[in-house]
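Residue-level listing of the chains:
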Amino acid sequence: MSIATTREDFDTSKFFAGIARGIAGALLFALPMLMTMEMWQLGVYMDRTRLLLLLLVNIPLLIVLSDRVGFEETSTWRQAIRDASIAYALGIVSCALILVAMGVIKQDQSAHEIIGMIALQAVPASIGAMLGRSQLGGQSADEGGEGDDDDPVHERETSYAGELFLMAVGALFLNLNVAPTEEMILLSYKMTPWHALVIIAASLAVMHGFVYALSFRGSHDLAEGTPSWHAFVRFTLPGYLIAGLISAYCLWTFHRTDDIGSTQTLMTVVILSFPGAIGAAAARLIL
Amino acid sequence: MTKISNGKNIEPGAPHWIEWITGAVSGIIVIAVIVWIGKDGFMDRDTSPNLHGNVVKMEKRSDGFQVLFEIQNGSSVTASQVKIRGEIREQESVLESSETVLDYVPGHSKVGGGLIFRQNPAGKDVKVRATAFDEP
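As you go down the protein sequences, you meet chains A and B in turn.
Okay, so the first sequence: first residue is 314 according to this note's numbering, each after it adds one.
Okay, so the second sequence: first residue is 2 according to this note's numbering, each after it adds one.
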């Protein structure tokens, strides 16, 4: 990077670097979905009220995400809203470009199809853009060494609601990747109720292990003298429930629960919550 | 609340009561799901699907007469690649038939579809039934 001569030059290059990081994040997170056939089809046929709801839910999600882990240190809600709209726009533009480049969107398709495909894909891409700018960047020296290991005192607090929100974002992310695929419903049809119970136990164990036992970077510890089941009840169980609710929402959005019996729906939710639980746990470590 | 200090996250020993309430409610819901699925594990003894077809609606459309049907699976076992055959009959002879394939008919669920006929089925005997299926 060239040495900035004036304050104005510096800001411009930082701004474009931020945009580039956003696009990189959108690609990193959304490419698997952009290359999934079911996602193109869903964009064409999915119920427009469900699509609209998903698009609307994404707005507060991006704003809160921007406030917590966003592009820059956002200090006001106005900045958070600004960054959220940039991320959403980056998501829409990058999805449109890639879908055109891959030949999924063609001239002879109706506007209904084209807009549906782009709108659906823009949701994961915009979350990716938001995370991309925070996770791929922000480590350079001129930004005050946020998150630096040799930073002598670096303390901050995450509220309980904040922790649950991060888990929801993590779960949503992994869920959006797999929920549209036919494999999810196929798996639930192949499984017996006993398989489902094993999957529930495995999800809870993996989730708890990820955050508390495996000593990853960013892992969590309890204050001294606290029994370990405390964290299981306070964080892992609510986290699993959140992963389950997000799974159910994704399945409903993608028409995977329509006219399906209650046990069968529950089994699909259980199998989708497995990646969701891992996503939720990983989000607590990373974000 | 979680305190992040030098890259380490520490959960304090004396949390707010709301954390316990959330944990307890979540625990109850998770246990309820386990009990529900476990109950089905004991109760469901079906080994094959039980498919039944119903005609839901008949309507005139641009390319003929559309018969909307519903296939119900009364068993807990899912059927895949379900072949559906619809027939318009009059006095035991088949006037016209039409076929389609449903990807899945999950256990204790119903799946809908449509068959298109050239002649008007109104006033005649219309039968829709499953003729074959695969295991998923």
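Hints may contain errors.
[To be verified] So the derived list for chain A, only partly shown, Cβ under 7 Å to chain B, looks like this:
hint : residue
1    : Lys419
2    : Leu499
3    : Ala509
4    : Ile512
5    : Leu550
6    : Asp572
Simulated from the structure, these hints should not be mistaken for lab results.
For each residue, glycine too, the CB sits at the ideal point set by N, CA and C.
Against the structure, the hints come out as follows:
1. Lys419: Violated - the Cβ of lysine 419(A) stays beyond 7 Å from chain B, reaching only about 25 Å at its closest.
2. Leu499: Holds - the Cβ of leucine 499(A) comes within 7 Å of chain B, reaching about 6 Å at its closest.
3. Ala509: holds, 5 Å
4. Ile512: Not OK, violated: isoleucine 512(A) not within 7 Å of chain B, min 10 Å.
5. Leu550: OK, holds: leucine 550(A) within 7 Å of chain B, min 4 Å.
6. Asp572: holds, 5 Å
In summary, the structure is inconsistent with hints 1 and 4 from the numbered list given earlier, while agreeing with the others.
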